[in-house]
Structure formats: structure tokens, C-alpha cells
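Going down the list, the protein sequences come from chains F and S. The first sequence lines up with residues -9 to 646 when you count with the working numbering. The second sequence lines up with residues -9 to 646 when you count with the working numbering.
It should be emphasised that the hints constitute simulated quantities derived from the structure, not laboratory data. Some hints could be false.
No more than 30 Å apart at the CA atoms, straight line, and that leaves these computed lysine-lysine pairs for DSSO-like [to be verified]:
(1) K284(F) / K167(F)
(2) K271(S) / K213(S)
(3) K531(S) / K562(S)
(4) K213(S) / K167(S)
(5) K336(S) / K320(F)
(6) K136(F) / K100(F)
(7) K208(S) / K358(F)
(8) K348(S) / K125(F)
(9) K101(F) / K313(S)
(10) K100(F) / K336(S)
(11) K348(S) / K108(F)
(12) K208(S) / K520(S)
(13) K587(S) / K531(S)
(14) K(-8)(S) / K167(F)
(15) K167(S) / K335(F)
(16) K125(S) / K348(F)
Protein chains: 2
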Amino acid sequence: MKSLEQFSGPARVVIDHVYPAVGGGQFPVKRPEGETFHVTAHVIADGHDHLDVVLEHRKIGNKRWEASPMRDLGNDEFSGQFIPPEIGRYEYRITGWADLFRNWHIGFVKKSDSGDSKISVEIDIGAEMVIQAVKRAKGADAKQLKQWAEILGDHSRDLTQKVSLARSSEFFDLVRKHPDRSLQSSCESLQLMVEREAAYFSTWYEYFPRSCANDLSKHGTFKDATTRFAEVSRMGFNVVYFPPIHPIGLEFRKGKNNTLVAAGSDVGSPWAIGSSEGGHKSLHSELGTMEDFKQLILEAELHGLEVAIDIAFQCTPDHPYVKEHPTWFKWRPDGSVQYAENPPKKYQDILPFDFETKDWKALWKELKSVFDFWIDIGVKIFRVDNPHTKPMEFWRWCIMEIKKEHPEVLFLAEAFTRPKRKYRLAKVGFTQGYTYFTWRNHPEEFQAYLEELTKTDVKEFFIPNFWPNTPDILHEDLQNGNRATFMGRYILAATLSSNLGIYGPAFELMESEPFPGKEEYNHNEKYELKNWDWNKPGNLKNEIARVNHIRNTHSSLQRTNNVQFVECDNGKLLAYLKQTPDRRDQILVVVNFDWYKPQGGELSLPLSELGIGHDKAFTVTDLYDASSPSYNWRGSSNYIHLDPRKAPAHIFRINL
Amino acid sequence: MKSLEQFSGPARVVIDHVYPAVGGGQFPVKRPEGETFHVTAHVIADGHDHLDVVLEHRKIGNKRWEASPMRDLGNDEFSGQFIPPEIGRYEYRITGWADLFRNWHIGFVKKSDSGDSKISVEIDIGAEMVIQAVKRAKGADAKQLKQWAEILGDHSRDLTQKVSLARSSEFFDLVRKHPDRSLQSSCESLQLMVEREAAYFSTWYEYFPRSCANDLSKHGTFKDATTRFAEVSRMGFNVVYFPPIHPIGLEFRKGKNNTLVAAGSDVGSPWAIGSSEGGHKSLHSELGTMEDFKQLILEAELHGLEVAIDIAFQCTPDHPYVKEHPTWFKWRPDGSVQYAENPPKKYQDILPFDFETKDWKALWKELKSVFDFWIDIGVKIFRVDNPHTKPMEFWRWCIMEIKKEHPEVLFLAEAFTRPKRKYRLAKVGFTQGYTYFTWRNHPEEFQAYLEELTKTDVKEFFIPNFWPNTPDILHEDLQNGNRATFMGRYILAATLSSNLGIYGPAFELMESEPFPGKEEYNHNEKYELKNWDWNKPGNLKNEIARVNHIRNTHSSLQRTNNVQFVECDNGKLLAYLKQTPDRRDQILVVVNFDWYKPQGGELSLPLSELGIGHDKAFTVTDLYDASSPSYNWRGSSNYIHLDPRKAPAHIFRINL
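For reference, chain F alone in the conformation it holds in the complex (with noise of 0.2 Å):
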């Protein structure tokens, strides 16, 4: 509790409800560069003055704060924007005082209208208001102003002047260019993190480089990987994503399938991370060298591609950290080493960090010197493995630090966990997460995680990416899929969410045999090579470049939290509308979910929201399926009707 000492008592402006506002300021807000942030807040003082309210912010580190008025919306609301620089993390808070210039000038004029007899009074008082007002003026503003005080205060002059001068605008306008500032309140300043474009928009494209050999005798290469990239581009996909790259251990190595005992010629799971070849600043040697990876990254490049690494905090027992730093590890009373188990579970190819252990200030340190590590050889894209296992305050400070150096570099946090523990993750700095979406099956689910995602204060601090495959997760209805289900959660992750990414070439030959009575794959590449038919005819490419095309062409699908459901009368399908702040770009989806037989439904669009009139023709054209006709529509209710044999969805361009 306060002691009188540690009040400002004539301050009188009190602020709060600042929105939006992570964990009460605790936590940065998250918005894309070169949009306009916008913040409200509650500002009240006491009595019925005035009040003078500004935004301020200023990015983290600069000393000057940068200032800009805030609208007075009524009920003591407020609210202001600025359109921050550039990326980086910034703070913002609001700062206001009592308008007494404004006060009296109000009073002044009234008092003027209604004849008072004290009215000389009253320019004596607003005579002194200018005189201090040129203390803080400068230049021609401080000889206006003071030559103006000199006439107010200039007794001999006459009154009807002073009068007809103190209540001119130009007068007016003046004197509150230079406030008194000096009782102003500020709030706890607040936090914001200007993420760059890919943040928000982005489309990924997982592979094994190590299967890129198209021979099974033959461990691929970076420079094997390097030849996927036109394709890859071709198909609209803007990021590649390695499994980690670096040495895999020798001890417990698991074989094919996840077995136990690997064979002489299996090559082992790249998530086992170390060997005598090195750890997590290493090379596999079998994929290259260092100069072959810069080349991979600059070839990338060339095709419009960044690449992405996985970064797997874990180790092998033959993991050069075990012998360097035995502290980092528990161990157990007979001289082992805990590796990771959940009993009676054993995962002995995997030891995890101690985190609690008492030299965890040097393991911090050195973990985030892997990033760095791969920073600077050009990596700006980080997928981090199980971040949910590693204590989330390691997770704050890490991301801080190394966004402080580089606010271009982004982190997706796959984290298949509870929701909390994902919501956690995001506010502590990771970029992007993983997300449910493989698990959602029905049009009201979809719709309620998206409403969740979009609608509730998730949207300030969480950014989703859908992947309707990994090599982990082979989804029940791909096993059993055709074409419609394969495209159809392709467009549900490609137009519901601007971040998604697949498993290829998996996903595109439509691969879907699973691993007997799991959601996975069998035969997974995880714990082996593969000869991939790239080209297998009835592949998904030209269908999943249409509708990356689609995307890449249309901003509206460009952002997440702009989703908005429509009714429909069919509950076989979802349809939502996305469109953009200035409603350049609309876009309407519809997702029949009966793979196997037509449906059709009437709409129910939300016109005014759209700002189409009631009785307003407009035009819909499907951008996926050129053999569908355009449609010419009016009013709010609008028939649709998708053959899955065609297609498992449309969507639409709206023309106005």
C-alpha cells in the first residue's frame, strides 16, 4: 500500500482498461508492420474538466516518447492509433491532464455571451494562461503568444479587443499547441511486437532433404534438397522446413517403424540430436556442409523461398553437452543418465535438459547461442520441437533477447499440449503455433476454434498455423480420403488461416497408409529414406497451387482474425467471408464436409457488413474451380450447391 509520499496528488487523471492489453501489460500485443495499431482506454478525473488525452510510444530503448492525440468517444472512452515504423518491440501507453486553457475558454466565452460584468476578470486570468504558455513555446509560436499576452494584459487597451482576440480561433488553436502539461498522469506503459509480413502470411512446405536422392541406395543431399525448390515455388509455397539437420546419435538409434533396435543401415530419427560428428551447431555430414547450406539458403531465395530449421532441444547419449556439461542432465544413483521416459514408457535414444538444474543461468545461454549460431549463417525461421517440455520463462528470455538483435526472426511453436500451455508459449514470444486444426472434423467445430482464435483476446497475442498433415499426424479422414477430403482440408487450412503449411511430397500424392490402429504414418520418413514418385499421376500440385495462387493473389486471405462466419441451412457445410479493412478484396468460402456426395444450402450473407445494399446486384466468381460459372446474385439469400467429384468447396471472388 502507498504511502501519502508516493502519490501525485495534483494529478487528477486516472486511466485503465487500456485495450488491447496482453496479461494486464505483462505481455506484448502482436500486430503486423505497417498496420495501424489502435488503442482505447478509460480516462476520468474528477469534476467536469476537460481532459487532454494522448498515445504515446516510443520503440524500446529510444529515450523521446512519440505523441498523438486521442478522440474523446463519450462515457470517459478514448481512443487513438499510430502506424508503428517499423518492426520490433515497442511500448505504448496514455497519458492525460486536466485542459484547463480549455476549461476557462469555455467558461470565458459563456460568460462573454451572457454579458458578466467580470469579464475583465476572466482576461486576466486567461492573460496569465498565455504568459505561461510562451515558457513553452517556441520560435514565431512564443512571439505571437507573447505579444498576445501583452495586449490581454495591457489594462489600458480596450476590452472589447481583448474580448474579440481571446475568443478568435486562431487564438484558441494557439495557446493548446503549447499545453501546461505538468499535472499529467501516465498509465503503466504497455507493450507491442511489430512482427514482419511472414509472421501473419506464410505458407510452408515440409520435406526430408535426406529423401531427396530419389534413390534408396543414397543418402540425400542439401544440394539434392536445392532441386525441389521450383517445384515447391511453382506450387505457391513461400517457406521450406528441414527436420533438424544435425548429427544423429549411434546409441539406442531406433529403426524403421519407431523400433527399438535399428539396423546396421537405418539412418535414424534426425530428432535424435548428436553424435562424435558434433550437436546442435552441427551438420549431419551425410546432407553436406556448411557452404552447401548457405548455398541452400541462397538458392532459396532465388525462388521466393526462406528456409525454416527445426530446432529440437534434446539430446542423444552420445551428445558432445553430455560429456562437456554432466550438470545439464540428471543423473541417476547408478552413474546413468535419466533419459526421457513416461513410465513405463522409455525413450532411450532421448535425454532431456535438466531445467532445474543449479547451472541453468550457462544452459540458457547456451541454447540460445544455437539460434544465434544459425542466425548468423541465415536462418530467420525457427520451428521449435516441444517448446511445451522447456519451462516457458526459458522461452521469455530467449526470444527477447535474440528479437532485440533480430526482429525478423519468427518461431513456430509446435506444441500440441493443453490450451493454456499453447496460449502461454505465444505470450512469451513464439511467433507463431501449431494449432488444434487437425482435430476439428465438423463445420461447428471449425467454427468455434476459429471464434475462439479470432474473437476473444487470443487474436492480440496468438497467430495460428494450420497443417492439415505432419509426419506425425496422419488424420482419420486422409486415411480413408479421396481427393475432396484431401483438398477440402487443404482449402479449410489454406482460406480459414493466412499461416498454414503440409508434410509433402506425403500430402500431395495423397499418401495415407497409417501405422495399424494409430494417426500416423506407416513405414514413417521419420526413421528412414524415401523414394518419392514426385510426379505419381493424380497428384494434388496444380490444385494446391491454385489455391496458394489464390492466396498469394488476395489479401484478404492474407489475414486470420478477419474470418466471419455465414449462415447457412445445410449443416454439411461451412461458408465465411473474409475481406479486407478497406473492402477492396471479399472473399466467400464454402466447404461442403460430405466428401463423397453433393450438397447444397442457401446462404444467408450479412450484406451491410459486406456494404452491398438490400436490392444491389453483385457477382460471384469461383477462383478454384474455372469450369464453375459466375453468379449473379441479390440480397441476402443466395443458393449453393458443390458436387464433391468437382470440387469440395468454392471459392469466391465478390464483385461489387
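We have chain F; now place chain S onto it with these hints.
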């Protein structure tokens, strides 16, 4: 942003979303004494560890935290509660740690079930944990743990015996009783203000002592006012509240009906405080001496009444402060003091304090000392006039300081101002607040307002007090009202809100003459003596007594937040339930807003929330209208008929 040194690295538990919390913990939550305080929070950590979570609390000033375990509700949510032992200010927080012993024990049991070959290593790990627990235990516990540690650590002993010991529940419970909390984390502590019962349940009767002489030629005294106590008490009130009792200014004294010039005989407004007789710590001499006032307080107590006085922080030009502390007022260039104004309106009899004075600390201290003075005399309830025209931070300091010594003192904020300012006053410390009750007219307006007060965060800090009339407000309904109007509005106040007040005897005598064109009384008692006919035929005293008796004997009506509205198919009827948490007291109120014509309607009672089976018969008995029969009901749909010539409302007791 925190540096590495500021992190508690190995403490991996994070806590947020603690509920309830007001303004993120900036202000205290309020609760009545004797009530269980429930707290929930999100508590998470990385990995798969089980967490131990406790709710801790202490009175402000105490060193030692009292802890009670929180229950894991699943999905990372925890809940706990405690009963604060007495009134006053508390802090509470949540503390959690990874329960390493329990994690080990769960794994150990599973491994021993599956016949793990390394179970002796597990026993060794457990033995080390018990050795550590010995250090945290005392007495018999320590002795027992030490013995077990020796058994487990003795490698010559039979393994089966050791496994069986380590699996026993005695072993598990005793080791867990002494947990390793070295890596615990706590959230920021939050605040709780426990108020005495009268903060939540009070029935106020406001009257002017000076009108109690029953003779217009005589100024009433405290002694005269005391003669009304028996009657006020018989009507079931428990607080008597007097307008300011201080000396009334002579300069610019207002005449009858707020006229600018007072006649020599005019008594002036009690809110125009200060004269050569004294100021806020003095008594208006015509009311009596300090001894008389102390006697009045004692007499009130004998009648089960508490005395509330009005504190209005404003001064007449002849208030001693003006000469003693000229810096506490604003001075104009012509040497006059700035009076209150709302141009072109002027209030020359009232000088506001200048809270922007450099001498604010002395001003704050002096104003606080006014409360201290009257608390010493024996006053424990203050109605504060226009608190929203004094700084919020002043109140925060003043009330906090007073309640440190006197947590039993209550403050009612007379703030008829915009909602955010009203709510801020409640947050900074005002116990109760006046409301917009008086300006709500239709059933749906009452329901919406009560839902704002009782179903949003407002319920955690704002305790409403409903006033059907005040010396300042004669609602239009009452101006044209009949018996049903007065009693309908009284019953609404009395059963919706557990705190209510009336300005008497104007209310019970159905005084209804407005000042022309205003919602105010004509010949207002604020400016003149009255000679009330206290027993005027047709008065409402018996009806009011009956309603207050129902309130005094039914604890469900002694709380506000438990209101629950009931659907009714006639929009002229408003129906709502009040029940105690144990459902022992269940009240159903139905008000007919048609003060002139009978209305009937079908109610849909939420039977499951009342704990009534759908085919169970139950009886409702009207506690207000004794002539009304009891009804035997079954099922949720039940018909109600109300004739305003008999009664404007039913107040049913539900008998199961």
C-alpha cells in the same frame, strides 16, 4: 524487460488468470465477513510434472502466509478457498511447485507393476527424496521419515519389503506432507477487503434533525431527532442518516427554494458548510452540543440504529479554512476566491477546494482528519457528498488510511455521475455507492441494470445502495404516483438490493409536489424547516415496516449479487428470485409495473436451480400481502395475477 539475472530460472511454474481480481490486482476485491472466499487460477508448467498448488493469504501487516491446498480442476485450472477470520484488508496469492516426489512415486509404482529390472535404482532415488524430507519435517514426522530413509537406503535389506513400504499410502502421504518447495513460484499478491455485514445489508432512513421540533418557529435539535428513533426502528430501518450537521454559512446563504437571497429567518442549506462558529469538525449550534450528539449516537444504538453523517468537502466563504489556509482555494486576479460555477450558473455560497494546490499534502491530511474526528465521536458510517468532484487518488489514500485503523468504518459515495467514475470510486475504497436505480422505469431496464451490477466484474467491488427518493430527487413516477407506485418502487429497491434508503418522512407520507418542471421537491427541506405530520392518515409506514421485516428475517434478501431473473410472458411484470447458497431461504418477487391496472402472466421458474424436481409440488406464500392465499404449484409454469389496488407485488417465500 528483465535481464537474465532477474529470472528465477529453475522455478518452472507460472500462474495467471487469478480470479477474482479487480484492475489486475491494483484494487481489492470486496467480500462480507464470514463468507468463504473462492479463488481460481491457471497454473501451468512445462513438461508432464504433477503440480502442487496452494492458496495463501494473510492480513496486511502480517508476515506469515496461511496456506490451503488448491484443487486441480483439470485443463490447468485450480480452485481454492478460505474464510477470512475478521474484517480488514488481506492479500492473497497462489504458489505452486512441481511435485517431484509425486512424479517419482507415480513412475515408481508403474515400474514396479511392470516388473522393471532397475527398480532398486528407483528405490535409491526415493530414499534420497526421503532424506531431504527429513530436513523439512519436525518431531514424530521427522523421526518416522528418518527411519524409512534408513530402510530404503539399506542395500542389505530385502527389495520386496522396500518396494512394499514405498508403495504404501502412509509413506506417500507423510513424504508429501513435507514437500520440496525450494523451486516454488508465486503470483503477485492480490488484495481482498473484508467488510462488516452492514456494508452488504443496510436499510437507511434519512431525515433532517432541524425539522423534528414539530414547530416551524423552532429549530429542531439532536434531542428532537432522537424522539423519532422508536418509530424509525419500528419501521425496520437500521441506519439513520443526517444531512451535514456543521455550522451553516451566512455569506451568500440561499433562501427558500434555492433562491439567491435569503431572508433573515432563512435557515440555509446544511451543505453550505462553515461560519464563524466553525467548520467540518464543529456542530451547528442550533442542533445542540457535542454531548447531545454523542448522546444521540448512544440512543440510536439502543434502538438498533447506527448513525450516518454526511461529509461534504466544500466551504462557504465564511468557513475558517478560507482564512487559515488560503492556498487551498483558487484566487482570482481581483482578489476574490473562485467559487463553484458551471457557466453561466454561479454558486457563490460554495467554494471548492483546489486539489491542484502545491499544499496538497496538508489539505489531504486535514480532510482525512475530519473523518478521524467524527470516528472518535462514535460515527462509523459516512455518506460522502459528491466524491466525484474530488480526486480519485485522494479517496484511495484517505479511505485506505482510515480503514487501516478502522476497518469497520463504511463510506457511501453520493456520486450521480458517469458509470466509469462511479465504479472507480468503488475501486478506490468507497464501500457502497448510489446508483441509477431512481432513473430506471421499465422491467427490462431494471433487469439489464441489475445484470450489469451483479453478473459482471462490477459485482466484485461495487456494492449498490438503492434510493427511491432523496432530498434531491423526486422521480416523475412519484410526482404522479399512487400507493402502488410508492410501494412498488420501495419493494423493487428493497428486494433487488440488499442496501436501500429513503428520504423520510417525505417518502412514507407520499410527499409528491415537484418544483415546477423539475424532478425535485417543491419547498425543499434543504432550504427550510418543515413541520411534518408524521402520522398523516394514509401514510405508508405499515407497508414499509412489513417489507423491512421481510428483509430482516430472510437472509436471501440481505445480499444483492444472488438475484436471478425469471422469465414471464407479460412485459409489465418483473419476476426474480433470491436464494441463499444453501437454498434454505428462497424468495420469489413479482412486481406489477402497471400501478393502475391488474396484470397477470405465466412465469417459467428455473426449477433445477431452485433444487425442485419437475414433478414435485411446492407452496408459495405471500409474505407481503397477508390476504393473498398460499399457492400450491407444480412444474415450472405458474400463473401470477397482481391487482395494484391490493398490492403492487408478491414477495413469495418458497416452501419445499
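### Task
Starting from the hint list further up, note which numbers the structure goes against and sort them upward.
Violated hints: 1, 4, 5, 7 and 14; rest satisfied.
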